[in-house]
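Using the sequences plus the hints, can you model the full thing?
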Amino acid sequence: MTPESYEQPFFLYKDNKDYIPSFVTTDSVLHIYHIFYDFLLRKLEAEEFLPKLEALNDGLLKKSIEVYNQVKNPQLKKAALLNCAYFAAGQKLLNKPLPKRLPKEAAKLAATDFKNVNAVFGKNALSLPWPNVDFTQFTVRGHYTRSPELSNYFKTIMWYGQLGFFALNYESDNKDYFKNPRNEFIMMRALMISKLVSDSPEFLKSGNLFMSRFVFL
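Quick note on the UniProt record's numbering: the sequence shown kicks off at 1 and runs consecutively.
These are computed hints drawn from the structure, not numbers from a lab. Do not rely on the hints blindly, as some may be mistaken.
[Said to hold, decoys possible] No more than 30 Å apart at the CA atoms, straight line, and that leaves these computed lysine-lysine pairs for BS3-like:
#: 1; residue 1: Lys195; residue 2: Lys96
#: 2; residue 1: Lys14; residue 2: Lys205
#: 3; residue 1: Lys52; residue 2: Lys108
#: 4; residue 1: Lys104; residue 2: Lys78
#: 5; residue 1: Lys17; residue 2: Lys100
#: 6; residue 1: Lys96; residue 2: Lys115
Have a look at this one:
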């Protein structure tokens with residue numbers, strides 16, 4: 001085994017025309033598979049996943065604003081406001097304009113979190129109520145560095161992946177689980193978003209289609 005200057009492992013096999021024996025391993029097969037899979041994923045993300053994500057995010061943001069304007073209960077109002085900020089941050093990460101009807105407080109929260117995501121420092125608390133988010137996970141890498149659109153897609157997917165609605169101290173036999181104000185509030189927000197999706201056949205179909213293909217790959 002000696003160092004060589006081949007750009008790709010399979011270039012080595014061109015030497016076969018000079019009847020130089022090659023040591024064949026599965027490395028080249030795996031490498032070609034990786035290149036093929038990466039190309040396929042990149043094309044799907046840029047041409048299919050990204051447009052669907054943009055449409056779904058925009059729709060959920062506008063519906064969340066409608067809910068915020070409709071509810072009167074103070075707790076529900078606050079939950080709806082944070083949902084507006086949640087999707088507004090996603091909208092900014094996708095580099096899409098924010099609706100003019102977005103509440104100013106939600107826009108301010110989204111702007112702060114957008115800045116934090118793009119700063120990419122270590123663990124810190126967001127303005128939205130998620131403790132100790134690891135911002136280093138938002139560092140764009142791999143084929144997502146190839147274009148601004150793929151970079152935006154990566155950060156948005158990471159945003160929703162890292163900031164799910166996870167309740168604290170969950171135990172199946174914990175009778176005081178829902179007595180925790182934070183858990184109750186998280187469930188309230190999650191149910192609001194779930195209802196938005198379930199009440200809209202378009203959102204439900206688009207979300208299921210996106211996630212089924214996303215998970216498969």
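### Query
Going back to the hint list, which numbers does this structure go against?
Structure breaks hints 2 and 5.
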